[in-house]
Amino acid sequence: GAVVSQHPSWVICKSGTSVKIECRSLDFQATTMFWYRQFPKQSLMLMATSNEGSKATYEQGVEKDKFLINHASLTLSTLTVTSAHPEDSSFYICSARELTGSSYEQYFGPGTRLTVT
Amino acid sequence: AQSVTQLDSQVPVFEEAPVELRCNYSSSVSVYLFWYVQYPNQGLQLLLKYLSGSTLVKGINGFEAEFNKSQTSFHLRKPSVHISDTAEYFCAVLQGAQKLVFGQGTRLTINP
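Protein chains in written order, with this note's numbering: chain A, 1 to 117; chain F, 1 to 112.
For reference, chain F alone in the conformation it holds in the complex:
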């Protein structure tokens, strides 16, 4: 079975600073990877996804992620964060044809 590890449970950063949220996956086969954001008391919103092609994936809200097969990583980055980016972020891998396996989540807190 595939699994996802988000290495940081909490990441505090100052506004306008860059941020990287780390995600590692375990899989011996082709992977489809996703990053979702969850605002308080809400469902999940897709930030970006990697299915194939370019390893650098650009998503919404200025986020991007890079698929690194050799390091089995899919880290999420943003060059300059805003207060509104405060949320929980989940990395996920598609297992089989349809089952999403989520990481533990990273709480991103932006300080003014």
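Just chain A, same shape as in the assembly:
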């Protein structure tokens, strides 16, 4: 089946630094990738939608200059948290939608836990 990986699985960084998270579709090409944020014991909140080769579309309230998304190829999207602060600590999950898929299914990565100290 379709597999999505994320790297790293967890990361600790100091306040003020930037962190990059990678999301890869391993065995399929993804036209669209999505980035979600999940706080403890809460649901997933969509942050942005990215299509290969074009600018990401951010959800209302998400700072696009803080959460930089790049979708350089059909198998890779990256999320960079710039100038991270403790309130950015969260579980970040990506998902990918297959290029030829018509089932509207998104395949989810295992998530990246970010802790900002």
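Just to be clear, a hint being listed does not mean it is correct.
To be verified - Using 25 Å as the maximum straight-line C-alpha spacing, the simulated BS3-like pairs for lysine-lysine come out as follows:
(1) LYS55(A) / LYS99(F)
(2) LYS41(A) / LYS99(F)
(3) LYS64(A) / LYS14(A)
Bear in mind the hints are in silico, worked out from the structure with no lab data behind them.
Chain A is fixed; fit chain F onto it per the hints.
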């Protein structure tokens, strides 16, 4: 905008008992509905989906859900649960062509 409400934040059941996790959606148009499971510190895994056709949808791990248009519901059921079913379950509706809107989640706890 479409929305999803999961009526129970936590559901404790005993092993081998049946379970139903409730999900209601709001939409005035055709809906595509999904149930996902999330194990601790992991991403989401698709259990089942309703796009069209039969209103009774069977998924993985013995789960099934029934789409009820008149009640705008998509409840998830399993006739006999196992300890390994302990997880967080999310109901979701597709908004537009690609945006998933998730419910608040239901934590299913199986007690021996």
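The hints, checked one at a time:
{"no.": "1", "hint": "LYS55(A) / LYS99(F)", "in the structure": "16 Å, holds"}
{"no.": "2", "hint": "LYS41(A) / LYS99(F)", "in the structure": "22 Å, holds"}
{"no.": "3", "hint": "LYS64(A) / LYS14(A)", "in the structure": "21 Å, holds"}
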